[in-house]
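> Given chain D, work out where chain B should sit, using these hints.
The listed protein sequences derive, respectively, from chains D and B.
Take the first sequence: its position 35, counted from the start at 1, is 100 in this note's numbering, and no numbers get skipped.
Take the second sequence: its position 73, counted from the start at 1, is 138 in this note's numbering, and no numbers get skipped.
In silico BS3-like links for lysine-lysine, alpha-carbon gap of 27 Å or less: (1) D/Lys-130 x B/Lys-374; (2) D/Lys-332 x B/Lys-95; (3) D/Lys-419 x D/Lys-91; (4) B/Lys-130 x B/Lys-117; (5) D/Lys-79 x B/Lys-79.
Calculated from the structure, these hints are not laboratory results.
Everything numeric in this text was worked out from a predicted model, so none of it was measured.
Protein chains: 2
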Amino acid sequence: METPWEYRYAYRMKGMKSSIIRELLKLTQKPEMISFAGGLPSPEVFPVDAFKAAAMRALDVHPEKALQYGTTEGYAPLREWIAERSGRYGLKVSAANISITSGSQQALDLLGRLFLNRGDRVIVENPTYLGAIQAWNAYGAEYIPVPMDENGMITEELEKALRKGAKFIYALPNFQNPSGVTLSLQRRQALVELADRYGVPIIEDDPYGQIRFDGEDLPTIASVDSQYRGKNDGFYNGNVIYLSTFSKLLAPGLRIAWAIGAETMIKKLVQAKQGADLHTSSFNQIAVHEVSQGGFLDEHVKLIRATYKERRDAMLEAMDELFPAEVTWTRPQGGMFLFVHLPKGMDATELFEKAVERNVAYVPGAAFHAVGGGENTMRMNFSYSTPDTIREGIARLGELLKEEIYKS
Amino acid sequence: METPWEYRYAYRMKGMKSSIIRELLKLTQKPEMISFAGGLPSPEVFPVDAFKAAAMRALDVHPEKALQYGTTEGYAPLREWIAERSGRYGLKVSAANISITSGSQQALDLLGRLFLNRGDRVIVENPTYLGAIQAWNAYGAEYIPVPMDENGMITEELEKALRKGAKFIYALPNFQNPSGVTLSLQRRQALVELADRYGVPIIEDDPYGQIRFDGEDLPTIASVDSQYRGKNDGFYNGNVIYLSTFSKLLAPGLRIAWAIGAETMIKKLVQAKQGADLHTSSFNQIAVHEVSQGGFLDEHVKLIRATYKERRDAMLEAMDELFPAEVTWTRPQGGMFLFVHLPKGMDATELFEKAVERNVAYVPGAAFHAVGGGENTMRMNFSYSTPDTIREGIARLGELLKEEIYKS
Chain D
66 METPWEYRYA YRMKGMKSSI IRELLKLTQK PEMISFAGGL PSPEVFPVDA
116 FKAAAMRALD VHPEKALQYG TTEGYAPLRE WIAERSGRYG LKVSAANISI
166 TSGSQQALDL LGRLFLNRGD RVIVENPTYL GAIQAWNAYG AEYIPVPMDE
216 NGMITEELEK ALRKGAKFIY ALPNFQNPSG VTLSLQRRQA LVELADRYGV
266 PIIEDDPYGQ IRFDGEDLPT IASVDSQYRG KNDGFYNGNV IYLSTFSKLL
316 APGLRIAWAI GAETMIKKLV QAKQGADLHT SSFNQIAVHE VSQGGFLDEH
366 VKLIRATYKE RRDAMLEAMD ELFPAEVTWT RPQGGMFLFV HLPKGMDATE
416 LFEKAVERNV AYVPGAAFHA VGGGENTMRM NFSYSTPDTI REGIARLGEL
466 LKEEIYKS
Chain B
66 METPWEYRYA YRMKGMKSSI IRELLKLTQK PEMISFAGGL PSPEVFPVDA
116 FKAAAMRALD VHPEKALQYG TTEGYAPLRE WIAERSGRYG LKVSAANISI
166 TSGSQQALDL LGRLFLNRGD RVIVENPTYL GAIQAWNAYG AEYIPVPMDE
216 NGMITEELEK ALRKGAKFIY ALPNFQNPSG VTLSLQRRQA LVELADRYGV
266 PIIEDDPYGQ IRFDGEDLPT IASVDSQYRG KNDGFYNGNV IYLSTFSKLL
316 APGLRIAWAI GAETMIKKLV QAKQGADLHT SSFNQIAVHE VSQGGFLDEH
366 VKLIRATYKE RRDAMLEAMD ELFPAEVTWT RPQGGMFLFV HLPKGMDATE
416 LFEKAVERNV AYVPGAAFHA VGGGENTMRM NFSYSTPDTI REGIARLGEL
466 LKEEIYKS
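One chain only, chain D, in its complex shape (with noise of 0.2 Å):
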């Protein structure tokens, strides 16, 4: 007889989905198909020629270490040189610091399995980011969204919040996803403040701090934390686990990300690790080490910057002509999305559909509010498409979001 597999999977896969995002993606592989709702990093800027460079130096140099077992927390030289790096940004830290993980999503399941009993709270931000409520999900994670104005999470609700008892807060600083929005200066030092008084860690997923286009650099909410803790003897030991990736920076397919905390705690992540895949791919962590030498890293940053500013500006520019009134957006000062709000009673799912009947797709909102909400909201990606591509988009969505709107 056949087995019955559905009656044999654990609690936890009870309600567990494909995440919306990767079957809407599927939607939209039809090549006439002007998608923004990816959140895809533009492939006109890989350094195909670089990595491939590295790639050879990373075979030619280390040919065992690259295709060999590994530590599970990471090759030590790259480790150490994000540390050199974080002291840029005003973190001081140590390799032992650091642990380098299969991507950030990684990072996030981890940290679900560190931390989260089932039922246990998470403080996240309304919207959030889709793949940490995916990844937690699997823990049994429940949330509080905590809501959002131009400066980022709202100071007075995160308290209310925190009174209401979390295993940690997730906060996405710098252009969030999906809002573009970034946290200023001010709610970071409240942030750090807050969660020391009610003694709860913090998760900054930072992907995006390093692709900024206007504006100045804030310091991270872990520099901001190491700072108000005072002394740092080069081991950062304070509240605030700190994630960034490669994928931004260099390219998504290579899986290379890291989680900055407390040398106590990720030791445990470490631990965690070794059952979850026993290491990242070690030739992948040498090649990104070897093209990341020489300044190339700082140089190549500058290409995507100024690509994807360029990008923005076409997708604004076409929106402030194509967009009708009664629909309004965030201006993020760089990373790679930016929110759209409809009018209220607008249902961006119900209008999904006719936007890919048009060749045009998004993200309806829905689905990064962790507990409802957002209904008349989406997502949109600048970085995917060329500046001609997106004003054309634009134009197609513009002409559907104004029959909707004024066709009653």
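Here is chain B on its own, set in the frame of chain D:
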């Protein structure tokens, strides 16, 4: 104040320990150490040049695919190639039956996630692979160990275990890690029939199947199951989840493995993988696909077999000559490990320190016993060291064993 991390961890982290093997490996890093402890493939057979060429082709021909986000289930041409190749071993499957994983360790983790509620039982061979225990401990598994003899898991004991109730059976049928034992064809058939009769799925972990030096290839448990069921329209829909990996055929540093099973179960596994790491490195998958074309893998496996056979022979010959008569060991027909039994009452963990003082290392076998026992056993790896080094290491160990056994 400092964050008291140790009070914040989830219940599942209690008792999660760093793998004893990975900790032992740190002790055995001295250059003068002869280590039979690791589970490392021989770096002398890493196909450095072929892989270098394949990595280049991946970046020349598919630069965008190699560096961009990919699908969670994996690179389609690689899954199709694996499907086709599986037919060779009597298992008719399609790409829809296959998901790529980030090493087999990730497959073990994801299967724990899919099936195990806290307290659920898993039937394991005794001894069994430590990495599986480590993966499933995180999900609160309990274990029912089934004794083995020279033909693998003893069928009568398996049936007793099945009557206790279990979520699945975990079997490593070829040149098992750690015992080196191979499950006989008759036992494979009995295992399939018993598992079907009790309605309990089988996880077949087969990293070494192609690395056979002596004797005839046996059909995989999955293909025995497929035949047992009769009809197979090209989509395998049976009771076995088959795992294998490129770690032992090409190089473990790439972290490319695969899981085969019923399409409905694979879909669920892919959902779980989305939350765990989004997908496995696109670049590595494409490079592995490239290097495997044109019969390279078949030729390369011959080199691995010849190299490991020579090393196994060197170890067996040295043991025959230099180990005391009171000590016995398995004589594996393939793979990377053999298993030593010391006289009852001796403790291989206690002996370990003395061995390390003499610059020779192994893994105490107790680590592979899911619910205790095996204190007088040790796992010996023969794939990593050259024949001369093996002989020298066995001489050191033989001397120590004689001293310990004859000292009283």
